[in-house]
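Protein sequences, first through last, are from chains B and L. According to our numbering, the residues represented by the first sequence are 1 to 1067, in order. According to our numbering, the residues represented by the second sequence are 1068 to 1438, in order.
Please note that the accuracy of each hint is not assured.
[Claimed, not checked] DSSO-like, lysine-lysine: derived pairs with alpha carbons at most 30 Å apart:
hint, chain 1, residue 1, chain 2, residue 2
1, L, Lys1090, B, Lys125
2, B, Lys1053, B, Lys946
3, B, Lys270, L, Lys1360
4, B, Lys336, L, Lys1219
5, L, Lys1360, B, Lys469
These aren't lab readings, by the way, just hints derived from the structure by calculation.
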Amino acid sequence: MPKRSDISKILIIGSGPIIIGQACEFDYSGTQACKALKEEGYTVILVNSNPATIMTDPNISDRTYIEPVTPEYVEKVIEKERPDCILPTLGGQTGLNVAVELHHRGVLEKYNVELIGANFEAINKTEQRSLFKEAMIKIGLDVPESGLANNKSDCEKILKEIGLPVIIRPSYTLGGTGGGIANTEDEFWKICFNGLDLSTTSEILIEESLVGWKEYELEVMRDKNDNVVIICSIENLDPMGVHTGDSITVAPAQTLTDKEYQYMRDSAIKIIREMGVETGGSNIQFSTDPKTGRQIVIEMNPRVSRSSALASKATGFPIAKIAAKLAIGYTLDEIKNDITGETLASFEPSIDYCVVKIPRFTFEKFKGSDTTLNSVMKSVGEVMAIGRTFREAFHKGLRSLETGLKGFDEEYKLKSDYNVEINRPSPDRILYIKKALEDGKSIDYLFEKTGIDPWFLQNFTDMIIVENKLKSVGLELDNELLYHAKREGLSDELISKFTGIDSLEIRKRRLEYGIIPVYKLVDTCAAEFAAKTPYYYSTYEQENEAVLSNKEKVIVLGGGPNRIGQGIEFDYCCVQAVFGIQDLGMEAIMVNSNPETVSTDYDTSDKLYFEPLTFEDVMNIIDQEKPKGVIVQLGGQTPLNLCDKLFDAGVTILGTQPDSIAKAEDRSLMKQMVDNMNLIQPESGIAYTYEEAVVVAKEIGYPVLIRPSFVLGGRAMEIVYQEKDLKEFMQIAVEASPNNPILIDKYLEDAIELDVDAICDGKDVVIGGILEHIEQAGIHSGDSASVLPPYSLSNKQIDRIKIQAKQLALELNVIGLLNIQFAIKNDIIYIIEVNPRASRTVPFISKATGVPLARLAAKVMCGKSLKELNFTKEVSISHIAVKESVFPFDRFANVDAVLGPEMRSTGEVMGIDKTFGKAFAKSQLGANQKLKPQGNAFISVNYNHKRDIIFIVKKLSELDYKIYATPGTAKALKLNGIDVKEVEKISDDPNNNLLTLMNENKIKIDLIINTPSVKANIDDEKQIRIAAIENRIPLVTTIFGAMSTVAAIEAIKLGDIGVTPIQEYIK
Amino acid sequence: MNIIPANHDAFLVLEDGTSFSGKSFGANGEAYGEAVFNTSMMGYQEILTDPSYCGQLITMTYPLIGNYGVNDEDVESSKIQASGLIVREVSRITSNFRSTKDLPTYLKEQNIVAIEDIDTRALTRHLRSNGAMKAIISTVDSDIDSLLSKVKNSEGLVGIDLVQKVTCEKAYDWSTSGKFKVAVIDCGIKHNILRILAEKDCHLKVFPANTLIEEIDAFNPDGIFLSNGPGDPGAVEYVINLVKTLVERDNLPIFGICLGHQMLGLAQGADYSKLKFGHRGGNQPVKNILTSKVEITSQNHGFAIDADSLPPEMEVTHIHLNDNTLSGMRHKTKPIFSVQYHPEASPGPHDSHYLFDEFLSNLKAYQGDPA
């Protein structure tokens, strides 16, 4: 049957900013879908507020609205575009929720828009726990005992029926936010109240706890003819109780017999039919009791998901692309399997390797957060590794994480007693288990304690055996054992650590004796058919399947797992570079280990190596491919960290050379250069120890900014106001980057910070854009809101900045991208940082200006001049683009939400419009700061800000905001004629302060402006900020942010904010 | 790298001279057979005990085998039927609540040779390109040349009647009661077929493949089931002749699976041929052309009936979507149908279970009106 001809215009809702639980897997899925639908001749309209995505590139859809992904704004787009239908299953929970809300508001009916893929009834049935459970019972499937609660007495009743422990899950929240496991009554009530609050429908499910049971997932697809296929089975290494996003997972399922697997498969098929998901993919989670095999259905997501992205990468079957085609009426047997080119999509992939996914955490960025894993997802990224055995894949995965592990290796920051730690799910638990095994604990004992299947524990044991063998031979390592160790998945570095032989020596020996990896294909069919798509992984086996072309090749090194400070922005740059290389007729080879990304789509590059980004793994590929060169400046810090070693091994680094990169990182070399150029940097010094730091700081004068070198995302950066705080922060800094110098800068208080991105070809420099930060210097640039073009600088200042940027690019011999952070204070321009690499702001600027900076930069690195590329002049824009950051504070209980020099945001949105107020308003709404046109504002600012806040609050008051303030702030406001209601400080009055008034529903606050004090009252303020996060109240913690927020509220109040596709802005 | 690890104590040699070294994890000795590959990721116990694998050395493409051990329920016949097993890695541990022993022990107990540490993907690609071929696994002879000449001199599958090796010795009742009496022609039947039919209230009498029609008549069945089985269908003329008589003489419902399907085709005068490397796995897409629906099926066959050669009274009902080969057919006027694949699954998906119901309704109809 052909595709539908009764529809021509399709709206796709993206997932918005990267947050925990919703990362770049939705860019991967969405990009695939947009491309597929466009290829089929439909007009594709996209709404997504996230500028760092490939899917928002102007050529991916016909009209791209970088606008807030909220019901209001999507309605505006619908009103303007009048699409025939919406495909709501590609934008994660956000997309689904918006679609549901549009249904409730009657928008779909009003504009006669159809939901395709999954309709309202199907979405509703899967999302409403009660309906889901009812449906499962109807089709004869087993579900946990549970009850649904809308209030306290419901909770009480259910608790009596089921008894503790229970799991509590709020309806309609993302990644299990607000859910949890309650073992005690105290915990029970805490989680219940919180969950009722967070659920948009005030509904929570309280159910029998299956903690310790095995957990599985199936990825299912259905077409309109009711053909159903299972794409992939996934087994969680971590048992029930840990969110699947935080679990180590393995594909395919390892410990199910065919009988049990088929029962699960039958259940999955029944479920997708019963729930009425007409077409597309769904993810269904099951749990089984390891003792009896009892199988229970946990939940279903009627959309593409993180797991479906993983399943796509794990099998080679492009779920999102196929889902899009099914949504427009194709059936599975009408769609070709891209990978074989011969067979059809109506089959079930068979894989002949083992896939391991390991989550990446960043607890270190959230001081005071609990590292215990539970049903609320906390990981910010993940790696995937492929091997022929579990052990090989597991080793590869661990060394892909970039947490310092070289593989399965115990001597890694383990500070606690394993007897305690094995009982508690945490990122380090596997390492404690290793320690316990080494200490002679039995597999049975550990299974009992951890619930981790004995099969995995046996594999861990086998890994330890290899380690012990290596340790016992030491320097006497022979080739046979070396080969065995390589086949087991150990890295040269790990073998080096165990034997004492230098890792480069091991590599040399491997090359000499031909102990090198082979590359095998991911082909969906376990080699039953020849594969056309070059998607490879390494292993140590007999046959190498890699086919080498004679074309000129360039390898692009990706960014590895997402983490705070290094995420989708860099993947965007890498993908653009691939396009650039292909434009030049060369072969683009991608290396990356992150399954969520567009870069690891087999469709993106000419050849994909799904491999760890370590020196060894990358060199193995280089040895085989012999490329013209390697691009290291686009994938963030990960490839940059390999740069020197690759260069020393004789690899050609394309673009800016390692010595320039080193110069920019090396404080003293940089200082010398800047001095020679007669430019200005804040006073600074270098220290390796606390004692040295004391001397340097005294010389420079407080406050100082301390930061480790060779880190990204401002890891362990701090502003230090007095000597007594220096010790603690120096210690943290040294831990974050051991053996590297710690930089100590004079902190410029209340300076304006700027981000400049430019491309240089060695002769010419073109500025890509200048971003002015909203927040003052000292707030990490990744966390600061910023504006393009600058809104408060004089033309003269801008010209001076441009000149300095160009001088620096040429002086540093930059070939490719360059990012410079400047600060301006008292009309003096300071150079804060120079980074000869792609920055986080490149995609944002590219979207706002229409210039594909990373693509051009790749071409420059491949030898083209800017003149040849016809990019000689910067693009000036007449609109305003605001970048706002999005934070994961709601995931980490009791963590202070104040901004600082260490980056903690997970993602960003863009607000784009003709005026600053409108653009900023959009950026706030996109970032889920629900600014209201009027309401109640609570103001509490530190002493230094009392003056600055007056005019801001005056304006706010004029905009019909009722003002509440703490006594000190209230006094200043009253004296200036503002009507203020005083609220006591928490520490002064435990009964009549903001928190108690809010909790007792005496006041409803819609905006909190709270600037942190330098030292005093920290706890008071922290509580207010935490309350803001918990209650989802827009929170502003800087004066500049407050000014902008008021401008946004004014724009919202005026109410004439429209939507415009990016294609029109950049025409 | 040409290091043969010291612990490699077994060898696999194909008749074209390709050889692999590995580790023995089954019985000691030598095993001959046709080297084939199966892409099922689970279900090794069912596969090993499926009589259709008689005379074959099975390569599992999934590299990690044995993880859940073996148990007493998941058997498709009374013993391991395959000649040998080839895997990348056998599990050191078994982990499943039903497991009663580990795979190596099971193989050793039944004297089956097995080899691990093989680049099974390389072997699979080789078989895909060059076709399934004769091979030997040896744990006693490490001389590749000697093994090669042994393989070359060994009996292949083509033209060989393997059915006589796996059929029952004499007729027996699988179930002694039931609403419908079904005579099962056992060419190497999988137990799950019998389990399913018995569950559907069939009184099953299982007959040896070389049964005389009179013995079947004596049972007075409501229908005939033609079972799966190993090897070359052309070599089992006695069954073909039996089927021919049954089809022509009666209006009895007949249902054939796999080899049974091929028997029916040959009885009806169709041609058959050997597939290059066969269909073996649990993910094989088949289209029911009567309903346009796709079934994911379990398959295990090296020969196929040529659809173009079907006589006019037969029609195609199912085709294999990967290569358009014949997957199912039926008689246009009589209650007779067959499929090349395995609706009984075990291992594999249950999508085609409805075929048993169709057989049942044929039985019902026949009982109501046996004319």
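> Which of the listed hints are not met by the structure?
Replying inline: 1, 4 and 5
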